[in-house]
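There are 2 protein chains.
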Amino acid sequence: MSETVTTTLNDVDIGSVVSLVEKVQQEPDVAATKWNAEVKWKGGFRSEAQIRDFVTARSDEPDQLGGTNTGPNPVEQVLGALGNCLAVGYAANATVAGITISDLTINVEGDLDLHTFLGLTEGHAGFGNISVKVKLDSDASPEALQALHDKVISTSPVGHTLNRAVPVDIQLT
Amino acid sequence: MSETVTTTLNDVDIGSVVSLVEKVQQEPDVAATKWNAEVKWKGGFRSEAQIRDFVTARSDEPDQLGGTNTGPNPVEQVLGALGNCLAVGYAANATVAGITISDLTINVEGDLDLHTFLGLTEGHAGFGNISVKVKLDSDASPEALQALHDKVISTSPVGHTLNRAVPVDIQLT
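Protein chains in written order, with the working numbering: chain A, 1 to 173; chain B, 1 to 173.
Watch out, some of these pointers could steer you wrong.
Remember, identical chains collapse to one label, so a pair may be satisfied in a single copy or spanning two.
[Said to hold, decoys possible] Straight-line C-alpha distance at most 20 Å; calculated SDA-like pairs for lysine to any residue:
hint: 1; residue 1: K34; residue 2: Q171
hint: 2; residue 1: K23; residue 2: P142
hint: 3; residue 1: K42; residue 2: F54
hint: 4; residue 1: K151; residue 2: A97
hint: 5; residue 1: K133; residue 2: T33
hint: 6; residue 1: K34; residue 2: L9
Since the hints were derived computationally from the structure, they do not count as laboratory data.
This is chain A alone, in the form it adopts within the complex (with noise of 0.2 Å):
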């Protein structure tokens, strides 16, 4: 049996990602990417965040921590940035892999302590700690499916942004 190697499994276009990996081993130099995002204050506890020319999306508070909830907060929009980083790294490295998805669905769970934020102790004001459930139909065995988790999970960009500690500097300008 023979297998027909296609740039749609997945609907991935990995043609480009192999065409990247080749660029970064002749210039390592383009690895070395910047990104960025301007937020705009719009009042209260609101405000949107500019992403190149996307739409910006309405970021706000619950009543209880004294918003007017128009929008995930974000501490939540940080673990939607992790589901959705660890879904193109399920996507890209499966597509490698020859692996096909059927259905991928990722539960992100964090628990925050607010005493800090609040004021109330000094110390430690983000998650304690951050739980992840991933729910991936596929066909493939489960050896192949645990290599491809191994793998997603060694190089997520956003998940190894959580899990150690990267220098934040804030200047008031």
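Based on these hints, arrange chain B on the given structure of chain A.
Below, chain B alone, put in the same frame as chain A:
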């Protein structure tokens, strides 16, 4: 001269925040919060995060990274979340301090080396560093603004989530 402290300074409902602080002081367990996002893969590098009942936003990768460029990518979403979180921090703490914010724009930039994401090296796939420039227009004194800034940095949930190592557990179910 007497100052009238209102609940509408900066359009922030600071009363709700004060009520929450008092509640947490009486029942510390109230501060233990959980947050969630459910991400559904949409084919290719596209996915959507469902947060509570808010409208979902499209996540994708740029063409150069093999995507179809229909939305911000996950690492950009993290930068947006950081800016949104800092906006809440400035609005909340300015209001507590009686500082009026005229305008607030936050530029967030992150450096990310793609080698690990592309499978060319092992190691850190996430942001190498994140740099934030805050433009805050206010009539408050430079000293008051610096104190506000220091308070925001010491209490930012997303800021601390990024600049500290948070345990991230990812299970294939």
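Here is how each hint holds up against the structure:
no.: 1; hint: K34 x Q171; verdict: within (18 Å within a copy, 30 Å between copies)
no.: 2; hint: K23 x P142; verdict: neither (33 Å within a copy, 48 Å between copies)
no.: 3; hint: K42 x F54; verdict: both (18 Å within a copy, 18 Å between copies)
no.: 4; hint: K151 x A97; verdict: within (11 Å within a copy, 48 Å between copies)
no.: 5; hint: K133 x T33; verdict: between (29 Å within a copy, 19 Å between copies)
no.: 6; hint: K34 x L9; verdict: neither (29 Å within a copy, 36 Å between copies)
Consistency note: the structure conflicts with the earlier hints numbered 2, 6.
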